[in-house]
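J.: Following the hints, put chains V and L in place on chain G, whose structure we already have.
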Amino acid sequence: MESTPEEIRKHVKAYKVVGYTLIAFTFITVAVAKVPFLDVGAHGLTGGDITVGLLIASFKASLVALIFMHLNAEKSLIYKVLLFTVFFFFGLMFLSLFELWNPIRQIFLVPGT
Amino acid sequence: MSSSTSTTLPDSSEEAHAEDHHALPFWRQYIFSSDHKIIGIQYGFTALVFLAIGFFLMMVMRWSIAYPTSEIPLVGKMLGERWAPNGVISPDLYNMFGAMHGTIMVFLGIVPLAFGAFGNFVTPLQIGAPDMAFPRLNMASYWFYFLGGVVMFGSFFLESGAAKVGWTNYSPLATTTDTEFASIFWTGQTLWLLGMVFLISSSLLGAVNFITTIINLRARGMTWMRLPFFVWAMLVTGFLLLLAFPPLEVAAIMQLMDRLAGTSFFLPTGLYAGGERLDISGGGSPLLYQHLFWFLGHPEVYVLILPAIATVAEVIPNNTRKPLWGYKSMVYAVMVLGFLSFIVWAHHMYLTGMGTAVSTFFQTTTVLISIPSVILVTSLLISLWGGSIRFTVPMLFATAFLPMFGFGGLTGLPLAFNLIDLHLHDTYYVIGHFHYVVAPGTIFGLFAGIYYWFPKMTGRFMNNFLGHLHFWPSLICMNGIFLPMMIQGMAGFHRRAFDGGQTYEATTERFLWMNELTSWSAWLLAVAQIPFIFNLFWSIRFGRKANSDNPWDATTLEWSTPTPPPHGNFPTEPVIYRNPYEYSQPGAAKDFTPQWIPDEEIEKAAPEKAKAKAKS
Amino acid sequence: MEIPYTVTARPDTGLWNAKIGIWLFLASEVMLFGGLFSGYVFLRLGVTEGIDNPWPTRQLIVWPGFVNTIVLIASSVFVVFAWAELKMRNFARYQFWMRLVVLCALVFLGLKSYEYYGKFTHHGMKFEDDSVVEGVLQQDRIEFTATELSLSPGKGGLEFLKYLKDGTAPVFKTADGEEVRLTSSWIKNLRKSSGGVDAPAAVVLKPAAPLEFSFNPKKVQAYTGEELTFRDATVFKGALKDDKIYFEVHDIDLRMVEDDAGAMVFSYLGDARKDAYLEHRDAELKKAEEDGRAADPYDTDLMHIHPESHGAAHGETHGNETGGEGAADGHGYPVIEVERDHKKFLSNHGPAYNTYYAIYFTLTGLHGLHVLIGALVLTYFLFFQKKLYQKNPEHLANRVEVGGLFWHFVDLVWIFLFPIMYLM
Numbered sequence: 001m002e003s004t005p006e007e008i009r010k011h012v013k014a015y016k017v018v019g020y021t022l023i024a025f026t027f028i029t030v031a032v033a034k035v036p037f038l039d040v041g042a043h044g045l046t047g048g049d050i051t052v053g054l055l056i057a058s059f060k061a062s063l064v065a066l067i068f069m070h071l072n073a074e075k076s077l078i079y080k081v082l083l084f085t086v087f088f089f090f091g092l093m094f095l096s097l098f099e100l101w102n103p104i105r106q107i108f109l110v111p112g113t
Numbered sequence: 001m002s003s004s005t006s007t008t009l010p011d012s013s014e015e016a017h018a019e020d021h022h023a024l025p026f027w028r029q030y031i032f033s034s035d036h037k038i039i040g041i042q043y044g045f046t047a048l049v050f051l052a053i054g055f056f057l058m059m060v061m062r063w064s065i066a067y068p069t070s071e072i073p074l075v076g077k078m079l080g081e082r083w084a085p086n087g088v089i090s091p092d093l094y095n096m097f098g099a100m101h102g103t104i105m106v107f108l109g110i111v112p113l114a115f116g117a118f119g120n121f122v123t124p125l126q127i128g129a130p131d132m133a134f135p136r137l138n139m140a141s142y143w144f145y146f147l148g149g150v151v152m153f154g155s156f157f158l159e160s161g162a163a164k165v166g167w168t169n170y171s172p173l174a175t176t177t178d179t180e181f182a183s184i185f186w187t188g189q190t191l192w193l194l195g196m197v198f199l200i201s202s203s204l205l206g207a208v209n210f211i212t213t214i215i216n217l218r219a220r221g222m223t224w225m226r227l228p229f230f231v232w233a234m235l236v237t238g239f240l241l242l243l244a245f246p247p248l249e250v251a252a253i254m255q256l257m258d259r260l261a262g263t264s265f266f267l268p269t270g271l272y273a274g275g276e277r278l279d280i281s282g283g284g285s286p287l288l289y290q291h292l293f294w295f296l297g298h299p300e301v302y303v304l305i306l307p308a309i310a311t312v313a314e315v316i317p318n319n320t321r322k323p324l325w326g327y328k329s330m331v332y333a334v335m336v337l338g339f340l341s342f343i344v345w346a347h348h349m350y351l352t353g354m355g356t357a358v359s360t361f362f363q364t365t366t367v368l369i370s371i372p373s374v375i376l377v378t379s380l381l382i383s384l385w386g387g388s389i390r391f392t393v394p395m396l397f398a399t400a401f402l403p404m405f406g407f408g409g410l411t412g413l414p415l416a417f418n419l420i421d422l423h424l425h426d427t428y429y430v431i432g433h434f435h436y437v438v439a440p441g442t443i444f445g446l447f448a449g450i451y452y453w454f455p456k457m458t459g460r461f462m463n464n465f466l467g468h469l470h471f472w473p474s475l476i477c478m479n480g481i482f483l484p485m486m487i488q489g490m491a492g493f494h495r496r497a498f499d500g501g502q503t504y505e506a507t508t509e510r511f512l513w514m515n516e517l518t519s520w521s522a523w524l525l526a527v528a529q530i531p532f533i534f535n536l537f538w539s540i541r542f543g544r545k546a547n548s549d550n551p552w553d554a555t556t557l558e559w560s561t562p563t564p565p566p567h568g569n570f571p572t573e574p575v576i577y578r579n580p581y582e583y584s585q586p587g588a589a590k591d592f593t594p595q596w597i598p599d600e601e602i603e604k605a606a607p608e609k610a611k612a613k614a615k616s
Numbered sequence: 001m002e003i004p005y006t007v008t009a010r011p012d013t014g015l016w017n018a019k020i021g022i023w024l025f026l027a028s029e030v031m032l033f034g035g036l037f038s039g040y041v042f043l044r045l046g047v048t049e050g051i052d053n054p055w056p057t058r059q060l061i062v063w064p065g066f067v068n069t070i071v072l073i074a075s076s077v078f079v080v081f082a083w084a085e086l087k088m089r090n091f092a093r094y095q096f097w098m099r100l101v102v103l104c105a106l107v108f109l110g111l112k113s114y115e116y117y118g119k120f121t122h123h124g125m126k127f128e129d130d131s132v133v134e135g136v137l138q139q140d141r142i143e144f145t146a147t148e149l150s151l152s153p154g155k156g157g158l159e160f161l162k163y164l165k166d167g168t169a170p171v172f173k174t175a176d177g178e179e180v181r182l183t184s185s186w187i188k189n190l191r192k193s194s195g196g197v198d199a200p201a202a203v204v205l206k207p208a209a210p211l212e213f214s215f216n217p218k219k220v221q222a223y224t225g226e227e228l229t230f231r232d233a234t235v236f237k238g239a240l241k242d243d244k245i246y247f248e249v250h251d252i253d254l255r256m257v258e259d260d261a262g263a264m265v266f267s268y269l270g271d272a273r274k275d276a277y278l279e280h281r282d283a284e285l286k287k288a289e290e291d292g293r294a295a296d297p298y299d300t301d302l303m304h305i306h307p308e309s310h311g312a313a314h315g316e317t318h319g320n321e322t323g324g325e326g327a328a329d330g331h332g333y334p335v336i337e338v339e340r341d342h343k344k345f346l347s348n349h350g351p352a353y354n355t356y357y358a359i360y361f362t363l364t365g366l367h368g369l370h371v372l373i374g375a376l377v378l379t380y381f382l383f384f385q386k387k388l389y390q391k392n393p394e395h396l397a398n399r400v401e402v403g404g405l406f407w408h409f410v411d412l413v414w415i416f417l418f419p420i421m422y423l424m
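Chains as they are written, first to last, in our numbering: chain G, 1 to 113; chain V, 1 to 616; chain L, 1 to 424.
Hints listed in this document are in silico derivations from the structure and should not be mistaken for laboratory results.
One thing to keep in mind: the hints can contain errors.
Claimed, not checked - Derived CB-CB ranges, DEER-like:
#	chain 1	residue 1	chain 2	residue 2	range
1	V	Ile31	G	Arg9	31 to 37 Å
2	G	Thr21	L	Lys287	35 to 41 Å
3	L	Leu388	G	Ile23	32 to 38 Å
4	V	Pro564	G	Arg9	29 to 35 Å
5	V	Ile31	L	Leu111	42 to 48 Å
As the list claims (entries may be wrong) - Calculated lysine-lysine pairs in the DSS-like style (CA-CA distance at most 27 Å, straight line):
#	chain 1	residue 1	chain 2	residue 2
6	L	Lys192	V	Lys77
7	L	Lys286	G	Lys34
8	G	Lys34	L	Lys192
9	L	Lys173	L	Lys188
10	L	Lys119	L	Lys173
11	L	Lys112	L	Lys165
12	L	Lys287	G	Lys34
13	L	Lys219	G	Lys34
14	L	Lys218	L	Lys244
15	V	Lys328	G	Lys75
16	G	Lys80	V	Lys328
17	L	Lys165	L	Lys286
18	L	Lys343	L	Lys387
In this text, a Cβ means the ideal position worked out from N, Cα and C, and glycines have one as well.
Here chain G stands alone, though its shape is the one from the complex (with noise of 0.2 Å):
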């Protein structure tokens, strides 16, 4: 980060704007939610309000990590480092659901056992 009180004076206004943007984020994902005609689907984990509601987490996510966190003008050393962790984390979640994933079982599973 550029640290002359210039530089850090235009940052602060970004954040302001960043700030208003992840309010109006919430105020959208409750509404996908919650308001009837807004509602993309059933509720839980079939329907489109996991994806729309992931969607905003992760944009809000991202700007969170990117300008309060710093991320877009980080060291590569940082990058490196969360690269790997994000990794792991898909790894662990997506290799341990991987069972209830088995193309076999369905093959040869007698139906109605």
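T.: Showing chains V and L alone in chain G's frame:
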């Protein structure tokens, strides 16, 4: 101080340095110390004590296996009527000692010794740092570890005894055990989890500290490819701890909730225990615990082994007097190893019935991970080729490490395959396999490290004869313990039978005699450690004096400091001029060219002159 | 000795120590919360239909979570303002923003406690046939009148004192008519005189006046109509007065029941309420279908049973006098008296209630702990670092940046937590 004094650099820390020498009170200097060397030694001694405790538990278990119905001599009455009626070990006690043997050896013994002790003592010295990046955090991580150790050890003395469902602490058994006591909190199972939370916090703080230190406190000229291999291993180990431990912390917290708050994270619907339907909501998954546990569990294997490999990688070039073969490929291999170790965990879970697709995936990655492992071992093996080997005691342990670790690694390959694993899972084969990796593997590597760095810590060598007396019996006994296990395992001996398989005599008969062989080897191994323990303490005061700061004629930076290294390590800021293992360089007068000596001084250095300098 | 690069960045990495440290720490935090999030997904996707409890959706009141989201976002903005003011060497304004941050943290924790309180004071009960009622538990106790105590001296035996209705120590009479007040020293003496831990025979005592017990049945080992056995092996003889569960019903959940009309819950609520409930539910389902909305039979509106005042508005009459055995003090909701044998599982809406609440409390509890620790650290920076500022303002700015990074991370976790816990 050796020749690096000639490189005068602007050193602003001189004054601060002098200030620090105003004697700190005893408890600040030796007990609540923030100096990485003291902390390293604290870690080392605590870990050795825990290794001894873990060893003792194992010896008791071995009695139960070899002579399940007879009274155990010496300790029988001390164990108490409740756990050992008439001095005969009860199955419950066997289970308890089995669980705690694993826990203590892994989390309280080897990791603290390898990562905490050697890592702390050696890493800052090798990279030319005055201390760790966060000295007070370093102290905190030792004391978290200590607290975890106290909690774990204290649980033996509770009414319920310590944890007894295996070192993996699988739910639902771990959740439903010991629930009959008035206070579920004060039971071994709960304290195990609490102890783990402390140990994990300790490791996390340690990992943050190590990685930061290695990244940011390298001395001038210490580029990435000039780091000793030990430091690389510490860096990778740090990342393994940092990213793999939190899921286990999650598992521990969830299991604590299951025990204390009545949740059902790992308890399926309609679970019965002891013939009664449990008063729980259900809906949880035992498999989730195993996923979270092994997500740490497998990287943990590399946490155990990498410091040992790295220690051996320090000892071997020093004693073959030639550079480490394939330094770069080893560095890349260790990085790939670290990366892959995160995506192989479920090969510990083939037997859970988690499905063929997922098994196939993990089988593939598991086989892949043997490639970097083989690169590491092969490089070390090739490093021996053509060297004029000095068989010092550390070198003895290092050379023994190679075939032992190799054997441990190769016997792991069958376990990687889904189908074969179904037969071998939970047999003594598995025990034999991983003990070959960690006992004659890791522990030999760590012994090599103790003998190797002892002169830097104390200024004296450990006794050579006692070292031999320690090494040879240990080598023989280790194989006497673990080789029979491989055979028994293939014959189907189950690893958790407290009577060593006598219940199933009809099928196990042919190999039952091996139980006694193994047990006697184990007890003899204990005898073989006596010379070591004696040597360790005796040599602090009476060992042969090291004639210089660099008694092994080594090249890495830790040998440039005064002995023992003072607070702040380096009298002047060190500068690094070359790669870590420059032994027997063509044209150099001596067969080692340390990292810290500038080029122009090498050329000039006549043998007599250098000796005079070293003495001054 | 001085550790290099504590304040200034190392030229080749471009980073100072604490910055690397905090990012590494945050990486491990990602794995920590990541582990919990993957646990959430694993458990939720792993629900087996017909066996496990259906995963509850939208069980939380949205507005506190919503307000908390805004509060955390605002505090994130404030903390970055505070850091910027420090960078511009403006200590007073730094303190102003930092105060707001700490205030936000307090508001967050306060709201969270309010939510927790609400959950802990609501209950759910599953009947043996898997029909579920939710509402408020009014009584879950054993009332027992004891006339004789047989005391097992080997094991102690004063646990029962905790469960007496009036707290005074009772007076007993031995077989010889001697009056005793039970104390631990009296029992110790008894143990000594009767042969230690292995004392075979229990001592029989009669209370001067019948003892009234009232306590949660989980506390005892066993009880029957005439006998009450505590965990320390003291046995009381007497008469069981009441062991029914009194439950104020707000909602009914029949998803796990095959035969809706024959559900066990209706044997308590009575036919009138059954018909009203089923009719109301079917009407709502139909309406949803007509509206083209995705039919959501699990919406709390459908599960809800209407209290008296609302019942009239729906044009239905299901008064208490026709509504089974309900008592009238349930704020208009029916109160049922359930036989203990008919209960399968009973809990408040705490972590034990189901895996959803388990993960909700674990995740938010751990998150709340992070908020608390972060707030404490920032408070420390706010009030106790003026000296450091005067000596080396950049050092304080670095510290605040590190603390701020942690704070943003806590906010970031909440940004994911809010939709998956409150909205999905």
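J.: State for each hint whether it applies.
T.: Results of checking the hints against the structure:
1. In this structure, Ile31(V) and Arg9(G) break the distance hint of 31 to 37 Å, their C-beta atoms being roughly 50 Å apart.
2. At roughly 37 Å, the beta carbons of Thr21(G) and Lys287(L) sit within the given window of 35 to 41 Å.
3. For Leu388(L) and Ile23(G), the hinted distance range of 32 to 38 Å is satisfied, since their beta carbons lie about 33 Å from each other.
4. At roughly 53 Å, the beta carbons of Pro564(V) and Arg9(G) sit outside the given window of 29 to 35 Å.
5. Between Ile31(V) and Leu111(L) the beta carbon distance is about 44 Å. The supplied range of 42 to 48 Å therefore holds.
6. With a C-alpha separation of about 25 Å, the suggested pair Lys192(L) and Lys77(V) falls inside the 27 Å cut-off, and the hint holds.
7. For the suggested pair Lys286(L) and Lys34(G), the alpha carbons sit about 20 Å apart, so the restraint of at most 27 Å is met.
8. Taking the CA atoms of Lys34(G) and Lys192(L), the gap is about 70 Å. The hint is violated against a cut of 27 Å.
9. Of the supplied pair hints, the one linking Lys173(L) and Lys188(L) holds, its CA atoms being roughly 18 Å apart against a limit of 27 Å.
10. Distance check on the hinted pair: Lys119(L) and Lys173(L) sit about 46 Å apart at the alpha-carbon level, beyond 27 Å; violated.
11. Proposed proximity of Lys112(L) and Lys165(L) is contradicted: the alpha carbons are some 35 Å apart, above 27 Å.
12. At roughly 18 Å between alpha-carbon atoms, Lys287(L) and Lys34(G) fall within 27 Å of each other, so this suggested pair holds.
13. For the hint linking Lys219(L) to Lys34(G), the alpha-carbon distance of about 43 Å lies beyond 27 Å, and the restraint is violated.
14. Only pairs whose Cα atoms come within 27 Å are accepted, and Lys218(L) paired with Lys244(L) is accepted, the gap being roughly 14 Å.
15. Of the pairs offered as hints, the one joining Lys328(V) and Lys75(G) holds, with about 25 Å between alpha carbons and a cut-off of 27 Å not exceeded.
16. Taken as a hint, the Lys80(G) and Lys328(V) pair is honoured in the structure, with Cα atoms around 20 Å apart against an allowance of 27 Å.
17. Our distance criterion of 27 Å between C-alpha atoms is broken by Lys165(L) and Lys286(L), whose separation comes to about 52 Å.
18. Restraint check for Lys343(L) and Lys387(L): not satisfied, since their Cα atoms lie roughly 63 Å apart, outside the 27 Å limit.
Hint compliance for this structure: hints 1, 4, 8, 10, 11, 13, 17, 18 are not met, and every other hint is.
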